[in-house]
Structures are given as structure tokens and as C-alpha cells.
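Asks: Listed here are the chains, written in short residue letters.
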Amino acid sequence: MSAPTTSPPAPPPARAKRRIGDVLFRGSTQVAAGIILVALAGVAIFLTAEGIPALRADAAHLAGESTFLAYAWPLLFGTLLAAFIALLIATPLAIGVALAISHYAPRRLANLVGYVIDLLAAVPSVVYGLWGANVLGPAMVPVYRWLSEHLGFLPLFAGPASGGGRTMLTAGLVLAIMALPIITAICREIFSQTPRLHEEAALALGATRWEMIRMAVFPYSRSGIVSAVMLGLGRALGETMAVALVLSAFRIVSWDLVSGTAPSTIAANIALSFPEATGVGVNVLIATGLVLFVITFAVNFSARMIVARSEKGLVR
Amino acid sequence: MSPIRIRTKERPVSTDDRPQDPPANSASGRATVGTGPGQPVAAGPDTTGPDTTGPDATEPAAVAPAPDGPGGSGGRRAARGSAVRGEVSLRAPKLPRWAPLLTALVATAAGALLALTLGWGLIAFAVVSAAVYAVALPAWALVVENRRSAVDRLITTLVWSAFAIALVPLVSLTWTVVSKGAPAFSAEFFSYSMRNVVGEGGGIYHAIVGTLLITGMAAVLSIPIGLMTAIYLVEYGAGRRPARVINFLVDVMTGIPSIVAGLFAFALFSIFFGPGVRMGFGGSVALSVLMIPVVVRSCEEMLKLVPNELREASYALGVPQWRTIVKVVLPTAMAGIVTGVMLAIARVAGETAPLLVIAGSTDSVNMNLFAERMMTLPVFAYYSYMQPGVPPQFGVERAWGAALALILIVMSLNLLGRLLGRLFAPKTGR
Numbered sequence: 001m002s003a004p005t006t007s008p009p010a011p012p013p014a015r016a017k018r019r020i021g022d023v024l025f026r027g028s029t030q031v032a033a034g035i036i037l038v039a040l041a042g043v044a045i046f047l048t049a050e051g052i053p054a055l056r057a058d059a060a061h062l063a064g065e066s067t068f069l070a071y072a073w074p075l076l077f078g079t080l081l082a083a084f085i086a087l088l089i090a091t092p093l094a095i096g097v098a099l100a101i102s103h104y105a106p107r108r109l110a111n112l113v114g115y116v117i118d119l120l121a122a123v124p125s126v127v128y129g130l131w132g133a134n135v136l137g138p139a140m141v142p143v144y145r146w147l148s149e150h151l152g153f154l155p156l157f158a159g160p161a162s163g164g165g166r167t168m169l170t171a172g173l174v175l176a177i178m179a180l181p182i183i184t185a186i187c188r189e190i191f192s193q194t195p196r197l198h199e200e201a202a203l204a205l206g207a208t209r210w211e212m213i214r215m216a217v218f219p220y221s222r223s224g225i226v227s228a229v230m231l232g233l234g235r236a237l238g239e240t241m242a243v244a245l246v247l248s249a250f251r252i253v254s255w256d257l258v259s260g261t262a263p264s265t266i267a268a269n270i271a272l273s274f275p276e277a278t279g280v281g282v283n284v285l286i287a288t289g290l291v292l293f294v295i296t297f298a299v300n301f302s303a304r305m306i307v308a309r310s311e312k313g314l315v316r
Numbered sequence: 001m002s003p004i005r006i007r008t009k010e011r012p013v014s015t016d017d018r019p020q021d022p023p024a025n026s027a028s029g030r031a032t033v034g035t036g037p038g039q040p041v042a043a044g045p046d047t048t049g050p051d052t053t054g055p056d057a058t059e060p061a062a063v064a065p066a067p068d069g070p071g072g073s074g075g076r077r078a079a080r081g082s083a084v085r086g087e088v089s090l091r092a093p094k095l096p097r098w099a100p101l102l103t104a105l106v107a108t109a110a111g112a113l114l115a116l117t118l119g120w121g122l123i124a125f126a127v128v129s130a131a132v133y134a135v136a137l138p139a140w141a142l143v144v145e146n147r148r149s150a151v152d153r154l155i156t157t158l159v160w161s162a163f164a165i166a167l168v169p170l171v172s173l174t175w176t177v178v179s180k181g182a183p184a185f186s187a188e189f190f191s192y193s194m195r196n197v198v199g200e201g202g203g204i205y206h207a208i209v210g211t212l213l214i215t216g217m218a219a220v221l222s223i224p225i226g227l228m229t230a231i232y233l234v235e236y237g238a239g240r241r242p243a244r245v246i247n248f249l250v251d252v253m254t255g256i257p258s259i260v261a262g263l264f265a266f267a268l269f270s271i272f273f274g275p276g277v278r279m280g281f282g283g284s285v286a287l288s289v290l291m292i293p294v295v296v297r298s299c300e301e302m303l304k305l306v307p308n309e310l311r312e313a314s315y316a317l318g319v320p321q322w323r324t325i326v327k328v329v330l331p332t333a334m335a336g337i338v339t340g341v342m343l344a345i346a347r348v349a350g351e352t353a354p355l356l357v358i359a360g361s362t363d364s365v366n367m368n369l370f371a372e373r374m375m376t377l378p379v380f381a382y383y384s385y386m387q388p389g390v391p392p393q394f395g396v397e398r399a400w401g402a403a404l405a406l407i408l409i410v411m412s413l414n415l416l417g418r419l420l421g422r423l424f425a426p427k428t429g430r
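So the protein lines, in turn, are chains A and B. Residue 250 in my numbering sits at position 250 of the first sequence, and the numbers go up by one each step. Residue 4 in my numbering sits at position 4 of the second sequence, and the numbers go up by one each step.
Think of the hints as simulated: they come from the structure by calculation, not from any bench. The beta carbon of each residue, even a glycine, is placed where N, CA and C say it ideally should be. Errors might be hidden in some of the hints.
[Claimed, not checked] Restricting the straight-line Cα-Cα distance to at most 20 angstroms, the calculated cross-link-like pairs of lysine to aspartate or glutamate (EDC-like) are: (1) B:Lys180 x B:Glu312; (2) B:Lys327 x B:Glu301; (3) B:Lys327 x B:Glu309; (4) B:Lys94 x A:Glu189; (5) B:Lys327 x A:Asp22; (6) B:Lys180 x B:Glu200; (7) B:Lys94 x B:Glu145; (8) B:Lys327 x B:Glu312; (9) B:Lys304 x A:Glu189.
[Claimed, not checked] Which bits of chain A does chain B cover? Going by a derived footprint, with three or more residues having C-beta under 8 angstroms, they are: (10) 80–86; (11) 111–117.
Based on the sequences and whatever the hints tell you, model everything.
Replies: What follows is the structure in C-alpha cells.
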């Protein structure tokens with residue numbers, strides 16, 4: 001960083017003649033960066049443009065509902081419920097796995113484990129869906145039966161338990177497995193950035209490993225964990241194929257996690273209905289997509305804000 | 001201040017000498033402490049009024065106990081211990097090193113016994129064994145050691161079991177896909193499309209072609225944009241406001257749901273080509289919306305790793321900035337960039353939802369990205385499973401075969417990317 005020149009990060013002196021190659025190259029990198037901006041704006045603009053006609057759609061295109069909101073609300077409910085279940089399961093698991101990698105496992109094993117978790121992220125979502133519908137769902141049926149028999153007084157497990165395992169809880173589990181790698185990756189990164197001296201100081205005071213983690217690692221990485229969870233939430237909210245394959249589509253509002261009539265999600269509903277949709281029906285689906293986009297955008301935006309703020313604090 | 005002064009007057013030797021003559025003061029401090037009952041009175045004012053006595057005011061208090069004890073810190077602890085309990089014990093009781101192993105054996109045995117007598121399956125056996133272990137080891141530690149150690153052992157168990165639980169789906173998934181998909185593999189499966197196929201037979205040729213074309217086109221669109229954006233962020237923008245905004249937008253773009261990307265491509269193309277548009281190129285656009293942020297991130301990381309000395313050396317030789325970037329920075333970072341790009345391709349190759357929306361599905365081979373529907377592997381797997389046809393078993397079998405083929409493609413791209421990164425690395429490193 002040479003201070004006296006006019007353009008700080010550009011090391012050649014300011015009075016050097018402007019080379020045509022430099023101008024072109026610089027311009028093209030700026031255009032590329034501009035495309036990112038345009039693309040993101042384009043997503044919002046085109047979805048809005050194609051989604052607006054949905055507000056005037058009639059009952060024929062809204063599956064019998066009178067307004068778009070009445071149509072979208074059960075789907076939104078299903079989306080939020082599935083994502084919430086997924087996070088409830090994935091967060092403790094992911095923090096545990098991240099701790100195992102960063103603070104428990106020997107280095108060699110930790111690298112291997114990190115790679116294996118990355119492999120989980122690389123599996124295509126449609127494969128997760130096939131696995132969830134064919135293996136996980138049927139395997140969970142006895143658990144659902146037990147839950148509805150013994151905990152049936154709770155509205156969550158009211159039942160009747162699904163015979164095929166195509167339930168909200170299965171969808172939540174599959175989403176949890178899909179959100180696990182992203183949360184783990186970020187938590188691992190943050191845990192391993194804990195200042196070495198803090199950890200050693202805690203250990204030197206006689207703390208056990210868990211006390212060290214609680215005193216030195218967690219306070220340092222709290223905001224990082226929050227943002228990791230929110231990024232996982234973003235993934236769980238937008239996941240399509242796994243839910244489309246696992247759940248049979250019902251547009252209902254139901255808290256029942258173990259019955260076969262489960263609320264569908266926005267993304268799954270689009271995937272299931274889009275190929276057959278025509279006319280305003282397409283606009284209705286695009287409008288629900290816009291709702292999903294706004295929610296995930298808000299979630300990701302706030303997560304990144306939290307990360308950015310905590311990074312500013314960490315630099316010191 | 002004044003009450004302290006008054007109290008210190010009682011011991012004129014230790015307080016008044018202190019500011020003027022530190023060596024004498026520390027010696028006198030030790031002497032006073034050594035005398036015993038007067039110690040608390042003297043130490044009190046010293047520590048509460050550090051502004052008058054200066055930094056060495058605490059020193060005598062800290063040093064003081066040392067000459068008291070027989071030797072080092074261990075000796076002091078022993079002395080204190082003997083004062084409290086009347087016996088010399090240097091170490092707290094601790095579980096032997098083999099305690100976890102023994103507990104694991106006992107837990108496994110208990111689980112196996114229960115599973116055999118009650119006829120449980122493998123899963124129940126594993127769960128019961130883990131539960132027995134998670135209860136038994138902390139309980140043992142609680143008896144022999146202390147509560148803190150017991151909690152530590154419990155958490156250690158939980159952390160490792162979280163890891164084990166995370167592995168279960170991966171293993172189960174791999175096993176399921178391989179065992180169900182492998183029987184579908186045959187020469188016909190890879191060389192035939194589904195055109196005019198009812199029931200048995202047919203293949204995924206058209207889907208493989210579609211996946212390769214659409215993903216390839218997405219890579220052609222995303223790699224230049226992603227790489228140039230990364231260059232802008234690292235080489236030109238570095239820390240300035242527009243670059244920070246772009247940086248943030250890239251982060252947000254990472255989180256766009258894949259189905260929304262598909263809807264975006266559909267909305268975009270339906271404005272130009274009318275409603276109900278389906279084309280492979282639209283799928284490429286949707287995939288590049290998902291792929292660009294990944295490419296930007298990985299390229300950016302790699303460009304940041306290039307040492308600044310290399311750039312400065314190049315500038316010192318009078319090389320223009322753009323040639324420096326093209327000839328010095330990019331070749332240095334090439335290994336990492338190739339790896340990152342391959343991982344990004346692997347990621348989007350498995351995307352289903354956007355292609356379902358914009359590329360549609362068909363039974364025939366379509367080599368033209370710019371017209372008509374185009375089948376892809378994930379969409380093929382999805383439709384073969386959801387609409388397997390009459391008799392359903394052939395369609396379901398093809399779905400698993402396509403899933404296995406897809407996993408193989410994605411994983412080999414993944415491995416190839418990491419391998420290329422390794423292969424390129426020695427040329428650039430050190």
C-alpha cells in the first residue's frame with residue numbers, strides 16, 4: 001500500500017501512462033462484478049414481474065382458495081415447520097461433529113472426518129430424497145407408531161401414524177442431514193479460530209476439556225454458531241427435491257409430525273405442480289417462489305450481517 | 001486515602017520505606033509477613049492503594065508466601081493439604097487409562113445380551129450400548145474422580161456419538177444407492193434413451209447427454225464471470241466500498257434456493273420466448289446463478305493466497321498490472337482455482353429443481369441447448385421414481401441406476417478436482 005499515489009491499492013505509479021490492456025482488463029473484471037449485481041437484482045425483478053399476476057388469480061388457479069395469501073400460507077407454514085425441525089436436529093449434531101473435528105480428534109483423523117462430512121454435502125439432493133422416501137421413512141415407521149401410541153396426547157404426535165413413513169418428521173430428518181454439512185463446516189472453521197492462548201490459559205487453570213470449550217471456545221464463537229445455523233436454515237428452507245420425494249403433497253396447516261397427511265413446502269409444491277401448471281397457475285407458483293426468495297434472502301442477509309459484525313469485532 | 005494512611009502509620013517500616021527504596025522494602029515486607037499475625041493489616045493497604053505505592057506494591061504480597069513454604073509450588077500445595085486434611089496427597093484420584101475401553105466393552109456386552117434375549121435389531125443394540133456407555137463412564141468418574149471430570153467424560157461421549165450419528169446416513173445412503181443402482185447398470189442402460197420404451201429396457205443416454213451439455217454450458221457461463229469477479233475483488237477492489245458490496249452480494253447469492261434460480265431462469269426466458277418456454281440453455285443460466293458465487297468464493301480465496309512479493313517483483317520489472325495478473329498471479333493460484341471450479345461443477349451437476357422447472361423432461365435425445373426440452377440425470381431419477389409407469393419395478397430400478405450414475409459423476413468430479421489441485425500444486429509451491 002503506497003500512500004502517496006492517487007489510487008492506493010494499484011502499485012504502479014499514478015503518472016504511468018494508461019495502458020490499453022490495463023483499462024480493458026480492469027473494465028472486464030468490473031463488468032463481471034457488475035453481472036453479479038445485475039443477476040441478483042434480476043432474480044428479484046423477474047420473479048416480481050411474473051409473480052404479480054398471481055395476486056389477481058381466481059379460485060381455479062389457486063386450488064380453490066379465494067386469495068393468494070390463503071393459498072400460500074399453508075405452504076409457508078410447512079416450509080417453516082420442516083426447516084425448524086431440521087435445525088432442531090441438525091444444530092446439536094453439527095456442533096458436536098465440529099467439536100470432534102476441531103478439539104477432540106487427532107489431526108489426521110480430523111482431516112479425514114472433515115472430508116467425509118464434505119462428501120455429505122456433495123450428494124445430490126434427489127438422491128437424499130430417494131433415500132429418505134425408501135430407506136429412512138420405512139425405517140422410522142416403528143418409531144412413529146411408538147410416538148403416536150405413547151405420546152399421542154401431544155398435538156405433535158397425534159397420529160394416526162403413517163404406514164409408509166412419509167411424514168413431516170422424515171422430511172425434517174432428511175433436511176437435517178442436508179443442513180448438517182454446511183453448519184458443521186462453518187462451526188469447525190470458527191472453533192479452530194479460537195485463540196490458542198485462551199484455550200491454553202483455561203487448561204492451565206485446571207479446566208477439563210469441556211470446561212475449556214465452554215469458557216474459551218463458545219464465548220468466542222457464539223455469533224459464528226448463530227450465523228452458521230442461519231445459513232443452514234437458508235438451505236433447509238430452500239431445499240426442494242428431498243421434500244418433494246418424501247412428502248405427499250397436502251396444502252394443510254397441521255402440527256402432526258407423524259401422520260401421512262403432512263403440510264407440503266413452498267419449494268416442493270413448485271416442483272410437484274410446475275410441470276402441469278398453465279397460464280396464471282404458473283404465475284401463482286412463481287409468486288410463492290418469490291415469497292421463498294424473500295424469506296431466504298432475509299435469513300441469509302441477517303446471518304451474513306452477524307458474521308460481518310463479529311469479524312469486525314474479532315480483528316480488534 | 002486518608003484512613004489508609006492512618007492505618008499504615010501503625011507499621012511505619014513497611015509503608016514509608018517502600019516508595020523510596022524498593023530492595024529494602026521487599027526485604028522488610030518479607031520480614032513483616034514472616035512475623036505472622038500482623039500480615040493481613042499490612043497487606044490490606046498495599047493492595048487497596050496501588051496509586052501511591054506503585055507497581056511493586058503487589059510484589060511483596062505475591063512473593064511473601066513463597067519463603068514461608070518448604071520449597072516450590074508443589075511443596076506449598078502439600079503443606080496446605082497437610083494443614084487441611086492431615087495427610088500428604090499430591091494427586092487427585094483418577095480413572096485408569098483403560099477405563100473408557102473397559103466401559104465400552106461392558107456396555108457392548110450389556111447391549112448384546114439385551115439384544116439377544118429380547119430379539120432386538122442392530123440399531124436398538126447400538127443405541128442401548130451407547131446409552132449404557134454414556135451413563136456408566138460418567139457415573140464411574142463421578143464416584144472415583146469428581147463432578148467436573150464426570151461432566152467432561154459425558155460431553156466427550158456425546159461429541160463422539162454425534163459424529164457417529166452423522167456417519168450413519170452417509171453409510172446407509174451409499175449402501176442403498178450402490179446395492180439398488182448397480183443391478184440397473186448394463187451396456188443398454190448407458191447407450192439407449194427412453195424413446196418409445198414401455199416397461200423394461202431403455203436407458204439414461206439422453207439424460208447423461210443433457211446433464212453434460214447443460215452443466216458444461218453453465219460452467220462456460222460461470223467460470224469467466226466468477227474468475228473475473230474474484231480478480232476484481234482481490235486485485236482491484238480490495239477493501240473499497242463497491243468491492244465490499246459485491247462481496248456481500250456474493251455471500252447472499254450463495255444462499256439462493258435452487259428452485260428460485262430455476263424460476264428466475266423461467267421468468268427471464270418466458271418474457272423473451274413466451275409462456276411455457278423450456279430449453280436446456282435456461283437450465284444453464286439457472287445453474288450458473290447457483291455456481292457463480294461458489295466459483296467467486298473459491299477463486300478469491302486462492303488469489304488471496306498468492307504472496308504480494310510476487311506481484312511487487314513483477315511491477316518492479318515494469319510489467320503492467322493486467323499482465324502481472326495473467327502471467328504471474330493466475331498461474332500461481334491455478335491449482336486451487338481448478339480445484340474450486342471442479343467442486344463448483346460437481347455441486348451444480350446434481351441440482352434437480354431448477355432443471356425440473358426450466359429444462360423439463362423428455363424421453364428423447366436432444367443435443368440442441370437452445371430449443372425444446374432436455375432430460376438430465378437428476379430429473380430422470382426423479383421422474384422415474386415418481387412416475388415409474390406400468391409395471392413400476394422397471395422405472396424404480398432405472399431411478400436408482402440414474403441416482404448411482406449421478407453420484408458417480410459428482411464424486412468423480414469431486415475427486416478429480418482435488419487430484420488436479422494436488423497435481424498442479426508442486427509447480428507453484430515454494
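Asks: Now tell me, hint by hint, if it's right for this structure.
Replies: A quick look at each hint next to the structure:
1. Taken as a hint, the Lys180 (chain B) and Glu312 (chain B) pair is broken in the structure, with Cα atoms around 57 angstroms apart against an allowance of 20 angstroms.
2. Among the hinted pairs, Lys327 (chain B) with Glu301 (chain B) is consistent with the structure: their alpha-carbon atoms are about 18 angstroms apart, no more than 20 angstroms.
3. Taking the CA atoms of Lys327 (chain B) and Glu309 (chain B), the gap is near 14 angstroms; set against the 20 angstroms cutoff, the hint holds.
4. Restraint check for Lys94 (chain B) and Glu189 (chain A): not satisfied, since their Cα atoms lie roughly 33 angstroms apart, outside the 20 angstroms limit.
5. With a C-alpha separation of about 13 angstroms, the suggested pairing of Lys327 (chain B) with Asp22 (chain A) holds against the 20 angstroms cut-off.
6. Only pairs whose Cα atoms come within 20 angstroms are accepted, and Lys180 (chain B) paired with Glu200 (chain B) is accepted, the gap being roughly 16 angstroms.
7. Pair hint Lys94 (chain B) plus Glu145 (chain B) holds up; C-alpha atoms about 6 angstroms apart against a cutoff of 20 angstroms.
8. Our distance criterion of 20 angstroms between C-alpha atoms is met by Lys327 (chain B) and Glu312 (chain B), whose separation comes to about 13 angstroms.
9. A threshold of 20 angstroms between alpha carbons decides the hint, and for Lys304 (chain B) with Glu189 (chain A) the separation of about 18 angstroms falls inside it, so the pair holds.
10. Given as covered by chain B, the region 80–86 of chain A fails the check, having 0 residues with a CB less than 8 angstroms from a CB of that chain where 3 are the minimum.
11. Counting residues of the region 111–117 of chain A whose beta-carbon sits less than 8 angstroms from any beta-carbon of chain B gives 3, enough to reach three: the coverage restraint holds.
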